[in-house]
Amino acid sequence: MITISDVCKSYGQFQVLSHCTTSVAKGEVVVVCGPSGSGKSTLIKTVNGLEPIDSGDIVIDGVSVSAKDTNLSMLRSRVGMVFQHFELFPHLSIIQNLMLAQVKVLKRSKPDARKKGMALLERVGLTAHAQKFPGQLSGGQQQRVAIARALAMDPVAMLFDEPTSALDPEMINEVLDVMVQLAREGMTMMVVTHEMGFARKVANRVIFMDRGEIVEDADKDAFFGQPRSERAQQFLSKILVH
Amino acid sequence: MLSGFDLQAVINALPYLFLTGMSFTLTLTLFATLGGIVFGTLLALMRLSRYRALSYVAAGYVNLLRSLPLVLVIFWFYFLMPYLGQWVTGASRPMRIDPFWSSVITFTLFEACYFCEIIRSGIQSLPKGQTMASHALGLTGSQSMLYVVLPQALRNMLPLMLTQTIILFQDTSLVYVLSITDFLGATAKIAQRDGRLLEMYIFAALVYFVISLFASHAVRRLQRRVAIIR
Chain A
8 MITISDVCKS
18 YGQFQVLSHC
28 TTSVAKGEVV
38 VVCGPSGSGK
48 STLIKTVNGL
58 EPIDSGDIVI
68 DGVSVSAKDT
78 NLSMLRSRVG
88 MVFQHFELFP
98 HLSIIQNLML
108 AQVKVLKRSK
118 PDARKKGMAL
128 LERVGLTAHA
138 QKFPGQLSGG
148 QQQRVAIARA
158 LAMDPVAMLF
168 DEPTSALDPE
178 MINEVLDVMV
188 QLAREGMTMM
198 VVTHEMGFAR
208 KVANRVIFMD
218 RGEIVEDADK
228 DAFFGQPRSE
238 RAQQFLSKIL
248 VH
Chain B
1147 MLSGFDLQAV
1157 INALPYLFLT
1167 GMSFTLTLTL
1177 FATLGGIVFG
1187 TLLALMRLSR
1197 YRALSYVAAG
1207 YVNLLRSLPL
1217 VLVIFWFYFL
1227 MPYLGQWVTG
1237 ASRPMRIDPF
1247 WSSVITFTLF
1257 EACYFCEIIR
1267 SGIQSLPKGQ
1277 TMASHALGLT
1287 GSQSMLYVVL
1297 PQALRNMLPL
1307 MLTQTIILFQ
1317 DTSLVYVLSI
1327 TDFLGATAKI
1337 AQRDGRLLEM
1347 YIFAALVYFV
1357 ISLFASHAVR
1367 RLQRRVAIIR
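As they're listed, the protein sequences go chains A and B.
Okay, so the first sequence: first residue is 8 according to the working numbering, each after it adds one.
Okay, so the second sequence: first residue is 1147 according to the working numbering, each after it adds one.
Pulled out of the complex, with its shape left as it was, chain B reads as follows (with noise of 0.2 Å):
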């Protein structure tokens, strides 16, 4: 079966699928995934406020985006938005929104949810001490949050934020479903230009793995390194 796999067909491609597809994969990853801890971080403060209609609004979010399909949340974005951009400006026409923000801001919605649970658990799982003892000190609500649990619940945290990068690198390859010339776009394109198939999906498969199996290395690594001495 392998005997007509062509190494020489991958090797060609292999400008196009990084320097076009690669580079978009990873920058979108890198922005939704800053995009997604800091509205993420701002939904848990959210769900966690004593005000019980900001909590209800973040958790009613979070709850409702965590039961879409992902494939689903990106369909709506990218056809919706354009319509979405009309009514909000009263233009006469729907919107032009570039793909690749299109992409970013849904990646970002739809990832805040993951990191806003993950920053939740952060935050309550510091011992209650913590706070008691910034606010004995006299810091207020705020700053206790900003300069004492945050920190510590985010450093915390990292190595799980991280993982969900992680999960969110792999997730990008979906906006393929809106031919969008991510990694996996880019790849499919040239296998069905050239009929290589199998070489472009066995050595798509192999990109993801080794970069995925290197990010979780380095995660557990860090791990080490950031956390906090007891």
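One chain only, chain A, in its complex shape (with noise of 0.2 Å):
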């Protein structure tokens, strides 16, 4: 589904991403976790091309992200996406977020966006806030919205930006819950997470970056059991003392 090879970028002479290389199957969940600037999220950014790419190719579902004729907006409209910070549109409510880029995009009318709009919002147990603006609803349930919205295009693939890092610790299982959801009902995922208990749950795969280098990729119990590079099991026992 996704397919990842050898992409570098630099920012100056700060190279964030070097070579990195890896590939996430159709309904696999994949997680990749790391220090803090270890790239990984402007990996997951390069993924739906909103960071470009020095080298390398990255193809979504058989349409490469970096080509010149690529319709990227085409392209993103099938690759939902998650931030850390929601990134909910303030200024409409909480229904017209989620119908805005289906009319717009996807030229759905407006009863069959808002139709679907309500029924992910009842899948995310928010229908009563429909009318609601963000700005009125808790961290976590902005969070459920967003990952609502980006449902709302039907999309072969999710990406997931550190879903839950800027939640109060109360609100993280709330979103967690929606995600591990939405991996057993089979929806290819990319997640980049510290919540290695969600990594443990449901995920297929994990990746490990450091100073912007895939480090390892292993299966979900290679990788909790033994994982072979030193910085990775650093990693580990710093995370998982606690």
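Source of the hints: derived by calculation from the structure; they are not laboratory data.
Don't be surprised by glycine CBs; every beta carbon is placed ideally from N, CA and C.
Any given hint could turn out to be false.
Said to hold, decoys possible - Dumping the calculated DSS-like pairs for lysine-lysine here, alpha-carbon to alpha-carbon at most 27 Å:
| no. | chain 1 | residue 1 | chain 2 | residue 2 |
| --- | --- | --- | --- | --- |
| 1 | A | Lys245 | A | Lys208 |
| 2 | B | Lys1274 | A | Lys111 |
| 3 | A | Lys114 | A | Lys75 |
| 4 | A | Lys139 | A | Lys111 |
| 5 | A | Lys227 | A | Lys33 |
| 6 | A | Lys75 | A | Lys122 |
| 7 | A | Lys208 | A | Lys33 |
| 8 | A | Lys245 | A | Lys227 |
| 9 | A | Lys114 | B | Lys1274 |
| 10 | B | Lys1274 | A | Lys139 |
| 11 | A | Lys122 | A | Lys111 |
| 12 | A | Lys75 | B | Lys1335 |
To be verified - Taking beta-carbon pairs under 7 Å as the criterion, some of the chain A residues facing chain B (in silico):
| no. | residue |
| --- | --- |
| 13 | Leu57 |
| 14 | Ser80 |
| 15 | Arg83 |
| 16 | Ser84 |
| 17 | Glu94 |
| 18 | Ala108 |
| 19 | Lys111 |
| 20 | Val112 |
From the two separate chains plus the hints, produce the assembled complex.
See the structure below:
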């Protein structure tokens, strides 16, 4: 579904991504972890072209992200993305947030888009908030809306960029629950997160990044059992102690 | 000094001052504000454009007009536009341009520079994540500008734009140099006709003061109402 081959990217002298190669198969859940500044957020943003790459190639469902003749907007509309800071549109109500791209990009009729939006709100348990504005919702609720907004486009894959990092601890689970459910339904997912509990529960593979490199790319059990690289071992020992 | 203050002179002039003078001033303010916001938004988009040429043209225009005194621009347009019109249309004599439209165009072109800067900072102060999120949903650059960025930028900047409108309302009195009968022009005409300089100019100052004061209070109230909940 997603193939990342030999991707490099630098900001001036600083190399953010260095020869990254990996892939995500259809229905697979891949967790990307690593210390901050390791390039994991940049990597996931290159997947739908939000961050341009210097060299290498990324192919989603047979379409190259970096090819000049690719309709990037069309490609992005098929890949859902959830951000650390939710990024709901504050001037639109919750249901309008879910409808905007359906109507403008997929050219769905407003009643259809509304119906789809309401169905997804029900799925994330927020039907009652449809007419509210993002600022009136808690962080956890906003992130669930953001997931619903991405799902409204019927994506072939979902990207999550630290979806729980900006949340208060008591709200993390309500978001993770939605993601677990999504994973169990067979959604193809690439998730940048520090939530190792989530990784243990639903991930098929774990990618460990450090200094712009993919240091370890292993099955979940192999990764948590005995990571081969020393850096991954150190990282795990630091975050799993608590 | 105020012993000879003749209130009756002001009262007699009221219909003329307001029906002729103030209605001109308000209409001009309204047209120039709307025109200024539309043209200013366009300039702001040009300044922020990826295309260097567009951005330079807009920046040059804004910097040029902002470095010229408004009165000079008013003179220029009023006296040169007829010749410009003649040149463009190829007519045999200078085009006749209605003083009202000449002032509307002048003020639109001038105020657009200020609106441009306000709108530009409104766009730039929006979190980058908003554009990213709209792109991630598949909206194109112009769709995301139109449906996500501009609505928020304009709303955030509404108080500043209305404050600029109040300044514009006061600035319109400069059309007086073209002997146009705006509110100040009307006041001046009566003042000279009746020899009531003191009464008329005090009254004019009072009217400008009261209107501007009320308008800024209204802006402050509005500011609280339209603020986006965050």
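Hint check results:
Simply put, lysine 245(A) and lysine 208(A) have alpha-carbon atoms about 20 Å apart, close enough for the 27 Å limit, and the pair holds. A distance of roughly 21 Å separates the Cα atoms of lysine 1274(B) and lysine 111(A); the hinted pair therefore holds under the 27 Å criterion. Straight-line distance between C-alpha atoms of lysine 114(A) and lysine 75(A) comes to about 24 Å, which keeps the hinted pair within the 27 Å bound. Note on lysine 139(A) and lysine 111(A): the hinted pairing holds, with a Cα-Cα distance of about 21 Å set against a maximum of 27 Å.
A C-alpha spacing of about 17 Å is found between lysine 227(A) and lysine 33(A), which places the hinted pair at or below 27 Å, so the restraint holds. Between lysine 75(A) and lysine 122(A) the alpha-carbon distance is near 36 Å, which puts this suggested pair outside the 27 Å criterion. For the suggested pair lysine 208(A) and lysine 33(A), the alpha carbons sit about 18 Å apart, so the restraint of at most 27 Å is met. With a C-alpha separation of about 18 Å, the suggested pair lysine 245(A) and lysine 227(A) falls inside the 27 Å cut-off, and the hint holds.
For a cut-off of 27 Å, the pair hint linking lysine 114(A) to lysine 1274(B) stands: about 26 Å separates their Cα positions. Annotation: proposed proximity of lysine 1274(B) to lysine 139(A) holds, straight-line Cα distance about 23 Å (limit 27 Å). At most 27 Å may separate the alpha-carbon atoms for a hinted pair to count; lysine 122(A) and lysine 111(A) meet this at roughly 16 Å. Between the alpha carbons of lysine 75(A) and lysine 1335(B) the distance comes to roughly 67 Å, so the proposed pair goes past 27 Å and is violated.
Here the hint on leucine 57(A) is kept, as its CB sits about 6 Å from the closest CB of chain B, short of 7 Å. Restraint check, serine 80(A) versus chain B: the minimum CB separation of about 5 Å is within 7 Å; hint holds. Because the smallest distance between the Cβ of arginine 83(A) and any Cβ of chain B comes to about 5 Å, under 7 Å, the interface hint for this residue holds. For serine 84(A), the interface hint holds, since its Cβ comes within 7 Å of a Cβ in chain B; the closest pair sits about 3 Å apart.
For glutamate 94(A), the suggested interface contact is upheld, since its CB lies about 4 Å from the closest CB of chain B, less than 7 Å. Because the smallest distance between the Cβ of alanine 108(A) and any Cβ of chain B comes to about 4 Å, under 7 Å, the interface hint for this residue holds. With a least beta-carbon distance of about 6 Å to chain B, the hint placing lysine 111(A) at the interface is held under the 7 Å criterion. Taking 7 Å as the C-beta contact cut-off toward chain B, the hint placing valine 112(A) at the interface holds, the least distance being around 4 Å.
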